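Just so we're aligned: 258 in numbering that gives the first Met the number 0 is position 259 of the sequence shown, and the numbers increase by one with no gaps anywhere.
Just so you know, these hints were derived from the structure itself, not from any lab.
Predicted, not measured: the structure shown is a model, and the values here were computed from it.
Just to be clear, a hint being listed does not mean it is correct.
[Stated by the list, open to error] Taking lysine-lysine pairs in the DSBU-like style, the calculated list, with each CA pair at most 30 Å apart, reads: (1) K225 x K150; (2) K236 x K153; (3) K64 x K103; (4) K150 x K65; (5) K64 x K131; (6) K103 x K65; (7) K65 x K78; (8) K65 x K131; (9) K150 x K73; (10) K131 x K244; (11) K78 x K131; (12) K64 x K78; (13) K103 x K131; (14) K73 x K103; (15) K150 x K244; (16) K153 x K244; (17) K73 x K131; (18) K150 x K64; (19) K153 x K65; (20) K236 x K150; (21) K225 x K236; (22) K103 x K78.
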Amino acid sequence: MTTHTREFSPPFFIIGCVRSGTTMLRNILRNHPNLACPEETHLYRWGEPFGTPGFMTQCNNALLKKHRELDGIKDGEFKHILDQSISRGDLMARYMARFVEVRKPTATRWFDKTPQNVYGVHLIAEDFPEAKFIHIVRNPVEVVSSLRLGKVVKVPNLMAACAYWNEAATLIHALRRRSPNRVLELRYEDFTAEPEQGIRQVLDFVGEPFDASHFTNVITYESSHKDEGLFSPEEVKTIERTCIKGRRMYGYAANPLPYWKRKGQA
0 MTTHTREFSP PFFIIGCVRS GTTMLRNILR NHPNLACPEE THLYRWGEPF GTPGFMTQCN
60 NALLKKHREL DGIKDGEFKH ILDQSISRGD LMARYMARFV EVRKPTATRW FDKTPQNVYG
120 VHLIAEDFPE AKFIHIVRNP VEVVSSLRLG KVVKVPNLMA ACAYWNEAAT LIHALRRRSP
180 NRVLELRYED FTAEPEQGIR QVLDFVGEPF DASHFTNVIT YESSHKDEGL FSPEEVKTIE
240 RTCIKGRRMY GYAANPLPYW KRKGQA
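Take the sequences, apply the hints, and build the full model.
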């Protein structure tokens with residue numbers, strides 16, 4: 000087994016709030032022959048410092064063990080990688096090298112898609128100084144709706160669901176202000192409407208060639224929960240008000256009409 004010995008092109012990280020289209024974007028980019036991405040790593044999600052008991056416990060939770068199984072990394076292999084590593088960044092690089100070796104040895108660049116890694120985005124930026132970041136953002140009303148439905152992540156509390164969106168937007172905005180040339184931002188609604196344009200934009204940003212033949216099977220559509228009756232009109236107003244700063248920043252508060260057509264209103 001080899002780890003952390005092969006040279007790759009600088010990585011990139013897909014970040015954003017959960018339920019914003021990060022998985023869709025990852026799965027599309029996986030079609031590119033040069034690019035490889037595992038399941039979610041979560042290695043930058045937690046506040047516990049690398050090597051502490053809390054960090055080690057999180058690394059071996061049931062979800063991440065399942066992700067590593069999907070990645071083709073056995074428990075013993077991961078333990079070996081973890082034992083060799085001296086930092087979070089070292090662990091990420093070693094893990095990715097092994098993942099590429101196992102799953103896509105022809106790839107020349109790896110990338111990560113873990114929405115919750117946004118909590119460590121500034122540490123990622125330091126650990127991987129040549130890395131770039133792709134932020135996909137989605138209307139917070141739709142994100143909070145998806146969190147209430149809970150098909151993947153369930154957050155029934157309205158304020159907690161809004162915090163998911165607000166905190167991600169705030170952290171990424173700070174990164175963009177600090178390093179504007181390292182952050183590309185895409186709106187979920189724009190990407191799903193014109194996926195080829197979005198794919199070209201991403202590949203140009205990270206320095207990979209575009210070939211339409213790699214994406215012939217890509218089909219996107221904008222998923223919406225607006226007709227599912229998940230919220231009262233008052234709750235929708237609460238979401239819009241709570242997320243107003245980010246909504247204005249990303250153009251979701253520019254329309255003079257309410258984002259959601261409410262029952263009994265024009």
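Right, here's what the structure says about each hint:
no. : hint        : verdict
1   : K225 x K150 : holds, 16 Å
2   : K236 x K153 : holds, 21 Å
3   : K64 x K103  : holds, 20 Å
4   : K150 x K65  : holds, 18 Å
5   : K64 x K131  : holds, 27 Å
6   : K103 x K65  : holds, 19 Å
7   : K65 x K78   : holds, 15 Å
8   : K65 x K131  : holds, 27 Å
9   : K150 x K73  : holds, 28 Å
10  : K131 x K244 : holds, 25 Å
11  : K78 x K131  : holds, 28 Å
12  : K64 x K78   : holds, 11 Å
13  : K103 x K131 : holds, 21 Å
14  : K73 x K103  : holds, 16 Å
15  : K150 x K244 : holds, 27 Å
16  : K153 x K244 : holds, 24 Å
17  : K73 x K131  : holds, 29 Å
18  : K150 x K64  : holds, 20 Å
19  : K153 x K65  : holds, 19 Å
20  : K236 x K150 : holds, 24 Å
21  : K225 x K236 : holds, 14 Å
22  : K103 x K78  : holds, 21 Å
Hint compliance for this structure: every hint is met.
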